[in-house]
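Chemist: Sequences listed follow chains A and B, in order. Note that the first sequence covers residues 1 to 273 in the UniProt record's numbering. Note that the second sequence covers residues 1 to 276 in the UniProt record's numbering.
There could be a bad hint or two in this list.
Said to hold, decoys possible - Which bits of chain A does chain B cover? Going by a derived footprint, with three or more residues having C-beta under 8 Å, they are:
#, region
1, 55-67
2, 117-131
3, 147-160
4, 164-175
5, 183-190
6, 195-207
In case anyone wonders, no lab produced these hints; they're calculated from the structure. Glycine included, each C-beta is placed from N, C-alpha and C at the ideal position.
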Amino acid sequence: MEKRSRLGTFLGMAFLAIVVVPPVYYMVIASLKPRSAIYRTPSWLPERSSLDNYAKVLRDDNFLVNIGNSLIVALATTLLAMVLGVLAAYAIARFKFPGRNAASQLILMSYLTPLVLLFIPLSVVVGNLGLADTLSGLVLVYLTFAVPLCTWLILGHFREFPPDLEEAASLDGASKMRTLVSVLLPVSAPALATAASLAFMMAWGELFLALTFVKGQGVMTAPVALQHMSTGDVQQYGPIMAGAVLSAIPVLVVYYISQKWVIQGAAEGAFKG
Amino acid sequence: MGLLLTLPAVAVIVILIGYPTISSIWYSFTDRMVGSPGRFVGLDNYTRLVHDSGFLSATANLVLIVGVSLLLKLVLGTVVAVILNRPMPERNLWRLLVMLPWAMPGFVAFMGLRLMFESPYGAINVALESFTSPVPFLSDPNWARVSVVIATVWRGFPFWAISILAALQTIPKELYEAARMDGASAWQQFTNITVPQIRSTVAVVAVISAIWTANGFENIWLMTQGGPSTTTMTFPVLSFLSLQSRQLGQAAAYAVVILPVMALFIMLLSRRKKEF
């Protein structure tokens, strides 16, 4: 019995590794191959690795600019969505006002609204605002998924948290906003981390809206720039994979740091893409 | 004061989500183009769809790609969750690894997978070199669907696995102990205890995943762009292509036409979860 169970564990781990590892491994290997060698000497082995592709994508393709754009857009989206989300969640969880239930329903419905339904009129709106092809325009449209996501996740935790502590604070004369900042936010740190990490990860990797809203070389985010490279010469696979690996790093760092909360958030159904 | 605090978020939702949703529906009844407001054309954008091979293909792919992907995500997600629920060395590390396809940016995942499926020099064909001549994974209509499904499942199964794992961990151990005492086999324990206990989680996950999978764009766009011809076409890709050719009205019709399906999913969801 004991032996059988250990074999089962081993088989289980082998299965997980076989499912997850090969594409990730191959991507990294491909990015390390000497230029053009992916096609000339296709192989699963990392023979003759070099950083040529990284040099190419960073130097010749100015990919750092695109990474920088992704970073600006993801950070701005996260920050704005968190501020709006915290305020709205606080109001819905703690105040009685007309339309409170409607507001909470609205947030969930808008979280489930597919982006494809929004992007056509949004392209007109963003154009009319003079924000076509700008990072600000992209941040604005990213709020369509980030605000409902952050509000919904934070609201869930505010509701679970008993209001006793805050009531005590307000008896001591603290204002509502002060109570939010000094009592409720500190105890909600895990929920805030979940919401912020997920918003950052989604904004960082978003391709669909980015393809529509940022087209100029200087404003392209990382996914748009790589997609452009891939529509050109097939031989570009090496640099593209180098770019892909580079753009995965910031997200994986966020994922690693906040793994506990992110995985928790995923299990709660915070998922888009 | 409550009203005041919700105002910014509600404004974002009304202006950036509510207004565009209604506009999309309106656009879909017009022949609006980029730079021309267009006029009301009734159901023209919809009646045209009947003869549109992209539309027919996208409809079929709601089952062939979206449906099949969901089913496989359920199977793989359950298997992986059951494995992760067993005692194993470094379990947290394994959990972290399993979530990797979901945690990495989607475009990175699909660009990498595309490289796996390339023909003749993609990773899978290289691995199969000594057994078969190169398989046209992305250029043969049937293989292209298979490849897109595999890629979609690879990207999406961790969400299922982690949600099902969370449900598994709430099942009281005593249930299994009692069943073992009664001599139930592992399979009987799975079907009689595990399945009923995770059923409601699976239902919610299925609906959410169905909505996102049906609206998936990057999986198709980065793997096949809907091709070869229109075999792997989906509604979001059709809509995107129409916008690229500046036909706002037609693009909106492609986005609106699956709304009834989405509404059905959301109705199922609200039945399942009462706070929804």
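Chemist: Now tell me if each hint is right for this structure.
Modeler: Comparing the hints with the structure gives:
For the region 55-67 of chain A, the assignment as covered by chain B is violated, since 0 residues bring a beta-carbon within under 8 Å of that chain's beta-carbons and 3 are needed. Residue count for the region 117-131 of chain A with a Cβ under 8 Å from a Cβ of chain B: 9. That meets the three needed, and the coverage hint holds. By the rule of at least three residues with a Cβ nearer than 8 Å to a Cβ of chain B, the coverage given for the region 147-160 of chain A holds, with 3 such residues. Counting residues of the region 164-175 of chain A whose CB lies closer than 8 Å to any CB of chain B gives 0, so the stated coverage by that chain is violated, three being the minimum.
Judged by the Cβ-Cβ criterion of 8 Å, the region 183-190 of chain A is not covered by chain B as claimed, because only 0 of its residues qualify and three are needed. Figure legend: the region 195-207 of chain A, annotated as covered by chain B; annotation consistent (4 residues with Cβ-Cβ distances under 8 Å, at least 3 required).
Going through the hint list in order, the structure does not satisfy hints 1, 4, 5.
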